[in-house]
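**Q** Chain B: place on chain A using the hints.
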Amino acid sequence: MMTNPTGKITQGQFSFLPELTDAEIRLQIDYGLGKGYAWSIEYTDDPHPRNTYWEMFGMPMFDLQDAAGVMLELASCRKTFPHHYIRLMAFDSTRGVESIAMSFIVNRPENEPGFGLARQEVRGRRMRYTLHGYASDKPEGHRY
Amino acid sequence: MNAPDYHIPGSTPASPPATSAANEVTAARTVNEVLAQSQVEAVLDELDRDLVGLAPIKQRIRDIAALLVIDKLRMNLGLAAVAPSLHMSFTGNPGTGKTTVALRMAEILHRLGYVRKGHLVAVTRDDLVGQYIGHTAPKTREVLKKAMGGVLFIDEAYYLYRPENERDYGQEAIEILLQVMENQRDDLVVILAGYKDRMDTFFKSNPGLSSRIAHHLDFPDYAVDELSQIAQRMLMQQHYRFGEGAAEVFRDYLQRRIAQPHFANARSVRNALDRARLRQASRLFAERDRVLSEADLTTLTPADLLASRVFQSPSP
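Chains A and B, in that order, give the protein sequences. The letter at position 105 of the first sequence is residue 105 when you use our numbering, and the numbering goes up by one with no holes. The letter at position 205 of the second sequence is residue 205 when you use our numbering, and the numbering goes up by one with no holes.
So here's chain B without its partners, still in its complex pose:
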């Protein structure tokens, strides 16, 4: 009944477009050709340049990039390349650059053609877990749909699982997440991030999740040298600079600050600089009649830093 008894224009299946022949010509045969086509080298260099330290992370990203490039070459030769699982977990102390690297990761994977759109959807427990029965599944699915074609970044992922409450809806979100991570592997990449110790207990209580994540990246803490480099870069971005002797004072500040509790690496550096800016502003504000030059407005003096609470306790 469905088949018409006369010819409908356009109903004959069109012959497949002859793209395969054209592909043969442009298909890359060497690593350099793939790199030239995907511009991934530029992203990796940028990563090296812009991010201080993090040597193991950079190495792992290079490894992943290499695998994807080689897979592309294999594909061009018609060898079956199973899409590698690229779900990752980023663990590390606060302020070690997990979110920053995740953003870069989305771009790298996009350049390599592993994800189609290369956007990053950053969510926390609130965006995934609902408040009443039947609320969680649609909510999680909606977030997953938004992230498709890109990277889903779940910050503080250990909050998803609350062992103390067995009726917690977080478990439901994890189950949906697992299902999509397994079945839609080429549609999205999931990155879980959180502090090391809490993520370890989280993975221990969700072994299925841990085994579906191929890359467990641990972000090391920064050394003092790296932190001062980070401080210099932050100041440069905000058009400030350290005045005479201020860089050494800041180094001293860092050494004292690291020894204190709640040290959050680059985030603490940013906060310290923000407070120094406040002190600089009030210092300049006090001199009502002075003509302020550009140097005055951009320079942080040692006095701005030495006023910090950290210097009031004796040196470690």
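Chain A extracted, bound-state conformation:
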């Protein structure tokens, strides 16, 4: 069985699709802005599925009208972290919602080794399973 059939990590929206082009990202951003969401950019080099909070790149961008501002920030994030995972997230500040409404990966390393399933035998020959990223053996900043 293949654990990593597409050769890339599938997290967030659109992750089973081919990579979004910049024009497509722009359209998604405009859609979110039309809904009144605030976009923010996060990056990480440890994309473990349980790693919920990535590092923030700058502040969340409130009160924007046009996708160009987010694209500008995304370009500078890509320049700073060309081999990291970068995702865009849209925060819906509606009272009672107040959570992330959209999230998708917009930058990923060329080579994604994926995750291994680590088995641990415990008392009574029971098995414990955990996911272990192949890349996360290396120190931070040298993973991809």
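None of these hints come from the bench; they were simulated from the model. Since this is a predicted model, take the numbers as computed values, not measurements. One or more hints might be untrue.
Simulated pairs of lysine to aspartate or glutamate, EDC-like, Cα-Cα distance not exceeding 16 Å [said to hold, decoys possible]:
#1 B:Lys139 to A:Asp63
#2 B:Lys139 to B:Glu172
#3 B:Lys72 to B:Asp186
#4 B:Lys58 to B:Asp45
#5 B:Lys58 to B:Glu41
#6 B:Lys117 to A:Asp92
#7 B:Lys117 to A:Asp63
#8 B:Lys58 to B:Asp218
#9 B:Lys72 to B:Asp45
Away from chain A, derived, C-beta distances all over 12 Å, residues of chain B [claimed, not checked]:
#10 Gln37
#11 Leu79
#12 His119
#13 Thr301
Label pairs and their computed distance ranges (CB to CB) [said to hold, decoys possible]:
#14 A:Val97 to B:Thr30: 43 to 53 Å
#15 A:Asp63 to B:Leu79: 50 to 60 Å
#16 A:Ser99 to B:Arg283: 53 to 63 Å
#17 B:Leu79 to A:Ser136: 47 to 57 Å
#18 B:Arg212 to A:Met56: 28 to 38 Å
#19 A:Lys35 to B:Ile258: 11 to 21 Å
#20 B:Asp50 to A:Gln11: 48 to 58 Å
We put the beta carbon where it would ideally sit given N, CA and C, even for glycine.
**A** Just chain B, lined up with the frame of chain A:
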């Protein structure tokens, strides 16, 4: 490794949608067709109607609109049209309508399709320049991001540069501004506004800024006739009117007021009218038992105007 060894649904690049053929049909070929599609004529007429005077400004706005229309026609024929630089500087005395025109400008550029959203972000030095090292750049960038797709209006722009303090962070804001003005030319339009003499020294000390601004518009002072027209319009908006003889008295007031220092054109007119309203209110307030008709409540009499301090000094 990244290439999957089997087919992923949707992974084949979709053929580009056949919009070019559809565009051919609707693409405008004449100036009238572009105007009809963009409704810009309505905005220009509105500008003519709503703003008194300002002939050179209106002419320049018409020129810019014409250029953008022609560029659109060129684009429809496949001729390369380099996006013109539309950054502007508005100089003029206080109260000559710089902010009002900037607001209109955002709408005109939006109708012409030059800016995508057509909103106006009005800022001053405080919104751009930070208070400590490393504070300015994020602050300026945030404002620029908010303004993208629209117009960034920097009021009193000469405050950005303070020559007397060489460690002033204003210079940093100007540098970021310059960079964005140059690189994101089709994302936003920057309008700098300020008083003429101070803006001149500001541009002199920042030649890079001056040369990146294509349109230097100078707002002329209003003549007395134009100011009385403006007064009439302001009163109409607030549902007041001049009573018998009050319009002539107000003309006289304007002539005296212009000669005095700190005359701020339309803003002075507004202040004078506001004070006249106050006097009218206290005049009516004094007569406790009188039944006040609509005419009483909306009319400014000559007495309301003549009580002004301006009339106490001898006529010029």
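**Q** Could you run down the list of hints and mark each one as holding or not?
**A** Evaluated hints:
no., hint, verdict
1, B:Lys139 to A:Asp63, "holds (14 Å)"
2, B:Lys139 to B:Glu172, "holds (11 Å)"
3, B:Lys72 to B:Asp186, "holds (14 Å)"
4, B:Lys58 to B:Asp45, "holds (10 Å)"
5, B:Lys58 to B:Glu41, "holds (13 Å)"
6, B:Lys117 to A:Asp92, "violated (21 Å)"
7, B:Lys117 to A:Asp63, "holds (13 Å)"
8, B:Lys58 to B:Asp218, "holds (11 Å)"
9, B:Lys72 to B:Asp45, "violated (21 Å)"
10, Gln37, "holds (22 Å)"
11, Leu79, "holds (23 Å)"
12, His119, "violated (5 Å)"
13, Thr301, "holds (47 Å)"
14, A:Val97 to B:Thr30: 43 to 53 Å, "holds (49 Å)"
15, A:Asp63 to B:Leu79: 50 to 60 Å, "violated (38 Å)"
16, A:Ser99 to B:Arg283: 53 to 63 Å, "holds (59 Å)"
17, B:Leu79 to A:Ser136: 47 to 57 Å, "holds (54 Å)"
18, B:Arg212 to A:Met56: 28 to 38 Å, "holds (33 Å)"
19, A:Lys35 to B:Ile258: 11 to 21 Å, "violated (52 Å)"
20, B:Asp50 to A:Gln11: 48 to 58 Å, "holds (53 Å)"
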